[in-house]
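Read top to bottom, the protein sequences are chains A and B. Numbered per my numbering, the first sequence spans residues 1 to 206. Numbered per my numbering, the second sequence spans residues 1 to 206.
Hints may be right or wrong, so weigh each one.
[To be verified] With a Cα cut of at most 25 Å, we get these calculated SDA-like pairs of lysine to any residue:
1. Lys18/B with Gly139/A
2. Lys18/B with Asp136/A
3. Lys18/B with Ala31/B
[As the list claims (entries may be wrong)] To give an idea of the chain B side of the interface with chain A (calculated C-beta under 7 Å), a few residues:
4. Gly58
5. Phe118
6. Ala124
7. Ala135
8. Arg153
9. Asp156
10. Ala158
11. Leu178
12. Val182
13. Val186
14. Val198
15. Ala199
No lab work stands behind these hints: they were computed from the structure. What you are looking at is a predicted structure, and each value in this text was computed from that prediction instead of being measured. Even glycine gets a Cβ: it sits at the ideal position worked out from N, Cα and C.
Protein chains: 2
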Amino acid sequence: MRISALATATGLSVATIKFYLREGLLHPGVATSATQASYDDAHVRRLRLIRSLIGSVGLSVQQARAILDLVDEPGDDLYATLGRAVSALPPTVEPPRDDDPDPFPRAREALESLGQVFDPRFAAVAQLESALAAADAAGMPISAERLSAYGARLRDIAQYDLDRMPDDPHAAVEYTVLGTAVYEPVILALRRLAHQDVAARRGLGR
Amino acid sequence: MRISALATATGLSVATIKFYLREGLLHPGVATSATQASYDDAHVRRLRLIRSLIGSVGLSVQQARAILDLVDEPGDDLYATLGRAVSALPPTVEPPRDDDPDPFPRAREALESLGQVFDPRFAAVAQLESALAAADAAGMPISAERLSAYGARLRDIAQYDLDRMPDDPHAAVEYTVLGTAVYEPVILALRRLAHQDVAARRGLGR
Numbered sequence: 001m002r003i004s005a006l007a008t009a010t011g012l013s014v015a016t017i018k019f020y021l022r023e024g025l026l027h028p029g030v031a032t033s034a035t036q037a038s039y040d041d042a043h044v045r046r047l048r049l050i051r052s053l054i055g056s057v058g059l060s061v062q063q064a065r066a067i068l069d070l071v072d073e074p075g076d077d078l079y080a081t082l083g084r085a086v087s088a089l090p091p092t093v094e095p096p097r098d099d100d101p102d103p104f105p106r107a108r109e110a111l112e113s114l115g116q117v118f119d120p121r122f123a124a125v126a127q128l129e130s131a132l133a134a135a136d137a138a139g140m141p142i143s144a145e146r147l148s149a150y151g152a153r154l155r156d157i158a159q160y161d162l163d164r165m166p167d168d169p170h171a172a173v174e175y176t177v178l179g180t181a182v183y184e185p186v187i188l189a190l191r192r193l194a195h196q197d198v199a200a201r202r203g204l205g206r
Numbered sequence: 001m002r003i004s005a006l007a008t009a010t011g012l013s014v015a016t017i018k019f020y021l022r023e024g025l026l027h028p029g030v031a032t033s034a035t036q037a038s039y040d041d042a043h044v045r046r047l048r049l050i051r052s053l054i055g056s057v058g059l060s061v062q063q064a065r066a067i068l069d070l071v072d073e074p075g076d077d078l079y080a081t082l083g084r085a086v087s088a089l090p091p092t093v094e095p096p097r098d099d100d101p102d103p104f105p106r107a108r109e110a111l112e113s114l115g116q117v118f119d120p121r122f123a124a125v126a127q128l129e130s131a132l133a134a135a136d137a138a139g140m141p142i143s144a145e146r147l148s149a150y151g152a153r154l155r156d157i158a159q160y161d162l163d164r165m166p167d168d169p170h171a172a173v174e175y176t177v178l179g180t181a182v183y184e185p186v187i188l189a190l191r192r193l194a195h196q197d198v199a200a201r202r203g204l205g206r
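Pulled out of the complex, with its shape left as it was, chain A reads as follows:
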């Protein structure tokens, strides 16, 4: 199909599609003349994925490109690929200095108290440190009890996720990378809605 038909099929403007082509998020079509190219269903699927990462998940073009690059060229090590995916997602954190023996002491203590294996250079450790500091600054520090309550439920969710990882290596990477990006907004929306449900049942407001 031509770019105009691709626009109709995806509900995007031709200008937006050209922008994603220029930015390298969408692979080029097959050239049919000096000024025209032909696109297929793979382009439609890719554009839907781009839109979901930028529109619904809320990633920047640069973050979406980093995630799509990992899906396209995952490398051999699933563990390292997951690490790169997490680095590409918000919140953006500074990597630790190489010579700092204990760059994220609060996150380390929290993870030790949960008994969790972790790589101190994994971006989520810095993200946890930053999140714990923000809770302190808001006057709502995360107690050991709250950490343990949250941690147990999120570990259940992680077990569920890993139990359903596809066997095929390429599919596993896609599941890991996209699942980190795409399921997080579901989890946040569900938590907000669970608050509403519990509050309503207890007769708070309304």
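Since the structure of chain A is provided, determine the placement of chain B on it from the hints.
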């Protein structure tokens, strides 16, 4: 203290503090002359809170102001205040049209299957609809089983949160509004780290 001492106490530049004063996030100091004002510990605490909302939680200045306005002027209805807080937080979603009897059918079905009470105009319903659509577009639709697995754990977390809500009405609003904003990054970081823990124990990579 003068603004220069406030800058030293918070690690922020005088220009940044003046910006937050202009934007109305920080309340003015007590004028001591035509060009100087005096600030106190309440300003230090407020600046730490502003920094945590903008820096760690990743809110825009506009979103942080909306959250701070709710903490400052919460109104009487805790339920409605929580609704406004959720509307102010990302992801930004369009409110439903008044004449649309079923604007978010997938979210409605999901919440009905979880047996949860919900207000269809609560922003998190639109956020859930958008998140479910993004998962579809990524080729990773949320199954009924996954929804139920996530939903049960997030409801446990919501129960925990509500059980610890302060009795004092002002403190309860602060807990509700700031807790929604500040605890979410903790939850996302913990989920990412739980994935790493479970993956490492199963010998994936490393």
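### Query
Which of the numbered hints above does this structure break?
none
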